[in-house]
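**Student:** Protein chains in written order, with this note's numbering: chain B, 1 to 156; chain Z, 1 to 104.
Take the hints with a grain of salt, since some may be wrong.
What the hints assert, rightly or not - Calculated from the model, a selection of chain B residues having no Cβ within reach of chain Z, i.e. all distances over 10 Å:
1. T82
2. N100
3. K107
4. E109
5. D113
6. F140
Said to hold, decoys possible - Some chain B residues near chain Z, calculated using beta-carbon distances under 8 Å:
7. P70
8. T78
9. F108
10. S111
Keep in mind that the hints were calculated from the coordinates and are not lab data. These numbers were taken from a predicted model, which means no experiment stands behind them. A virtual CB, placed ideally from N, CA and C, is assigned to each residue, including glycine.
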Amino acid sequence: MTDNRRAFIKKSVALSGYSILATGGLLASPEANAEWLDETTSTQILQQTLKRLFKDQKIIESDQIDIQIPKTAENGATVPITVTSSHRNVESIAILIEKNPIPLVAKFELSPDLDPFVSARLKIAESSAVAVIVETNEGFFTASKKVIVTPGGCEI
Amino acid sequence: MSSIKIRTKRMEDGKTQIRMLIAHPMEHGRNRDPKTNALIPAHFIQELTIEHNKNIIISGNTGANISKDPYFAFMLKGGNAGDKIVISWVDNLGNEDIQEHVIK
Chain B
1 MTDNRRAFIK KSVALSGYSI LATGGLLASP EANAEWLDET TSTQILQQTL
51 KRLFKDQKII ESDQIDIQIP KTAENGATVP ITVTSSHRNV ESIAILIEKN
101 PIPLVAKFEL SPDLDPFVSA RLKIAESSAV AVIVETNEGF FTASKKVIVT
151 PGGCEI
Chain Z
1 MSSIKIRTKR MEDGKTQIRM LIAHPMEHGR NRDPKTNALI PAHFIQELTI
51 EHNKNIIISG NTGANISKDP YFAFMLKGGN AGDKIVISWV DNLGNEDIQE
101 HVIK
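Using the sequences and the hints given, assemble the complete structure.
**Tutor:** Printed below as a string of structure tokens:
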């Protein structure tokens, strides 16, 4: 956590320096504000969980993973998800929810007899990003999608 | 009566979809009993194994973030009528169940 905060402070200092340069010392520019929002809603916590789980393996963002999940969920207790991938030689598929107390949902090790296809139903405590990690023999790939859970869906 | 319901469907492209519905509370240990206000102990499926003709095709670790009465679906490349599918689970309290199914 300290590392995270340190990185955040470092970045926000750099950011404010930038905004002073950009606006000539006036109030923070809209661009800087947008960047700050991006910083606070980024998937950093998720990245830390991933580091713990996958031991500093390089995880590459991929557009070959398709996550089908509703954008808004009225009931966070059952959110259907379907993951498919066009990567070859998929060995395992893991699903994580960023803001759940325990982010890891499930990890399925798939034999070569199976298509890279997993469908399940998740409990999502609050609006959060849902990330999928696909392990192939060429490395790890990830993709994520944001889900908004409307109030009332917290009693999971 | 088994807790596992299995359905398989052979697709036109030769693949077989395996779907399962498991009756299980999947408590994550943070819910409270509405009457006594006591925490309900965690009780969830930890391991899910699927065999196809005695070959393990899926070994999965699941956590309490899976919904109550979990549903899973997987897609098998191939699969013929008469093939046997065996699904089993183990939960964190050591309970387990197993169910066989024959692809039609």
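**Student:** Would you say B/F140 is clear of chain Z, with no C-beta pair closer than or equal to 10 Å?
**Tutor:** B/F140 is indeed farther than 10 Å from all Cβ atoms of chain Z, at 17 Å.
**Student:** Could you check that no beta carbon of chain Z comes within 10 Å of the beta carbon of B/K107?
**Tutor:** Violated, since 5 Å does not exceed 10 Å.
**Student:** Report holds or violated for the interface hint on B/T78, using the least CB-CB distance to chain Z and a cut-off of 8 Å.
**Tutor:** At about 4 Å, which falls below the 8 Å cut-off, the nearest Cβ of chain Z leaves the hint on B/T78 intact, so it holds.
**Student:** At a threshold of 8 Å, is the proposed contact between B/S111 and chain Z supported by beta-carbon distances?
**Tutor:** holds (4 Å)
**Student:** Is the interface hint for B/F108 satisfied, with its Cβ closer than 8 Å to some Cβ of chain Z?
**Tutor:** OK, holds: B/F108 within 8 Å of chain Z, min 4 Å.
**Student:** Check the non-interface label on B/E109: least C-beta distance to chain Z beyond 10 Å or not.
**Tutor:** violated (5 Å)
**Student:** Grab the minimum beta-carbon distance between B/T82 and chain Z and tell me whether it stays above 10 Å.
**Tutor:** Contrary to the label, B/T82 does not stay out of reach of chain Z, its closest Cβ about 8 Å off (not over 10 Å).
**Student:** For B/N100, which was marked as not at the interface, is the minimum beta-carbon distance to chain Z over 10 Å?
**Tutor:** violated (5 Å)
**Student:** Examine each Cβ of chain Z, and state whether all of them lie more than 10 Å from the Cβ of B/D113.
**Tutor:** violated (5 Å)
**Student:** Tell me if B/P70 is really an interface residue toward chain Z, meaning its C-beta lies closer than 8 Å to one of theirs.
**Tutor:** Given a least distance of 14 Å, the restraint on B/P70 is violated.
In terms of the numbered hints stated before, the structure departs from hints 1, 2, 3, 4, 5 and 7, listed from lowest to highest.
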